Amino acid sequence: MNTKYIDLIDQTYYFPQEEFNLDGEHLQFHGIPLNELVKQYGSPLKFTYLPKISENILRAKNWFANAIEKNNYKGKYHYCYCTKSSHFQHIMHEALKNNIHMETSSAFDINIIEKLKADGKLSNDTFVVCNGFKREKYIDNIARLINNGHQNCIPIIDNYEEIDLLSDAINDTFKVGIRIASEEEPKFEFYTSRLGIGYKNIVPFYENQIKDNDKVELKMLHFFINTGIRDNAYYWNELVKCLKVYVRLKKICPSLDSLNIGGGFPI
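For the sequence shown, the working numbering assigns the number 1 to the initial residue and increments by one for each residue that follows.
Because the hints were derived from the structure by calculation, they are not lab data. Just so you know, not all the hints are guaranteed correct.
[Claimed, not checked] Derived lysine-lysine pairs resembling DSS-like cross-links, with alpha carbons at most 25 Å apart:
#1 Lys219 to Lys76
#2 Lys52 to Lys84
#3 Lys215 to Lys137
#4 Lys115 to Lys84
#5 Lys200 to Lys211
#6 Lys61 to Lys219
#7 Lys39 to Lys52
#8 Lys250 to Lys76
[Unchecked claim] Estimated spans, in silico, between C-beta atoms of each pair:
#9 Lys76 to Asp10: 38 to 48 Å
#10 Leu8 to Tyr160: 42 to 52 Å
#11 Asn208 to Phe133: 16 to 26 Å
#12 Tyr49 to Asp164: 42 to 52 Å
#13 Lys39 to Lys76: 43 to 53 Å
#14 Gly75 to Asn208: 20 to 30 Å
#15 Gly42 to Asp168: 45 to 55 Å
#16 Gln17 to Ser54: 14 to 24 Å
#17 Thr48 to Glu25: 17 to 27 Å
#18 Asp168 to Phe47: 20 to 30 Å
#19 Asp125 to Asn21: 33 to 43 Å
#20 Glu69 to Gln89: 28 to 38 Å
It should be emphasised that the depicted structure is a prediction, and the values quoted were computed from it without experimental measurement. A virtual CB, placed ideally from N, CA and C, is assigned to each residue, including glycine.
Model the full structure from these sequences, guided by the hints.
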């Protein structure tokens, strides 16, 4: 019976990891001598290896490109960088080398989007998907971005009040998405299903608040799973329920053409 900690590590992770190697007795990460970094900056130490960002983005794009070709799928895949994963300029600039789109989650993220546009890193063709609970400042910033001509800014409706708040602040027509409140994985420590509109309420919500609203066009459904994309029964069950809602809604809403899968890829 394996009872030592090293046995747990051996059973959990694959070694050697491709990023690490030994130079004598010293550990290197992508050829970078970690001992030298610790000598210079001290420890504990966290640093970002920028080439890995582009590598992972391109890997995700290739996964979807291969699946799209294999299944003769007629749609397109767009990678969105979630600003809350890191707000550092050098990290965002690296990500933006890969023809990506953006996803925000708070008011000051919109200021970052505007700065990136001013610097020529983003254009009006870039999709800006605005997730998260929208307090007054976030609503104001989203409205400013759209009012200044960024029609590809898509606020994701998180609750029943946000449509009216956005309609009051935005001057012209605008696109929205709806966040589906997924059911939580059993025993998950953070209960998030309060965020979004329940599966059974999506179609009534569209018919009551969006269908006859001349300012609002529904473009997207947002599907979020807290654990990220995983190959287990819980994930696929929730995704199937989401797709069934999408099909029902598409039949009465021709403008719906996008499914935003949130939660990302687990480490």
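Verdict for Asp168, Phe47 (Cβ pair) under range 20 to 30 Å
At 45 Å between Cβs, range violated.
How does the Cβ-Cβ distance of Gly75 and Asn208 compare with 20 to 30 Å: does it lie in that range?
Holds - the Cβ-Cβ distance for Gly75 and Asn208, about 28 Å, lies within 20 to 30 Å.
Verify the proposed pairing of Lys250 with Lys76, using a straight-line Cα cut of 25 Å.
Distance of about 17 Å is within 25 Å: holds.
A range of 17 to 27 Å was offered for this pair. Does it hold for the Cβ distance of Thr48 and Glu25?
Cβ of Thr48 to Cβ of Glu25: about 26 Å, so the range 17 to 27 Å holds.
Can the restraint linking Lys61 and Lys219 be considered satisfied, given a maximum Cα separation of 25 Å?
Within the cut-off at roughly 22 Å; holds.
Taking the CB of Glu69 and the CB of Gln89, does the distance hold inside 28 to 38 Å?
holds, 35 Å
At the C-beta level, are Tyr49 and Asp164 separated by a distance inside 42 to 52 Å?
holds, 45 Å
Taking 43 to 53 Å as the hint, is the beta-carbon distance of Lys39 and Lys76 inside that range?
For Lys76 against Lys39, whose Cβ atoms are near 48 Å apart, the range 43 to 53 Å holds.
Taken at face value, is the distance from the CA of Lys84 to the CA of Lys115 at most 25 Å?
OK: Lys115 and Lys84 at ~16 Å, within 25 Å.
Lys200 and Lys211 were given as a pair; does the straight-line alpha-carbon distance stay at or below 25 Å?
Distance of about 17 Å is within 25 Å: holds.
Lys215 and Lys137: Cα distance at most 25 Å?
Roughly 21 Å separates the two Cα atoms, so the pair holds.
Between the alpha carbons of Lys52 and Lys84, is the straight-line distance 25 Å or under?
Holds, because 18 Å separates the two Cα atoms, which is no more than 25 Å.
In this structure, the one hint that does not hold is number 18.
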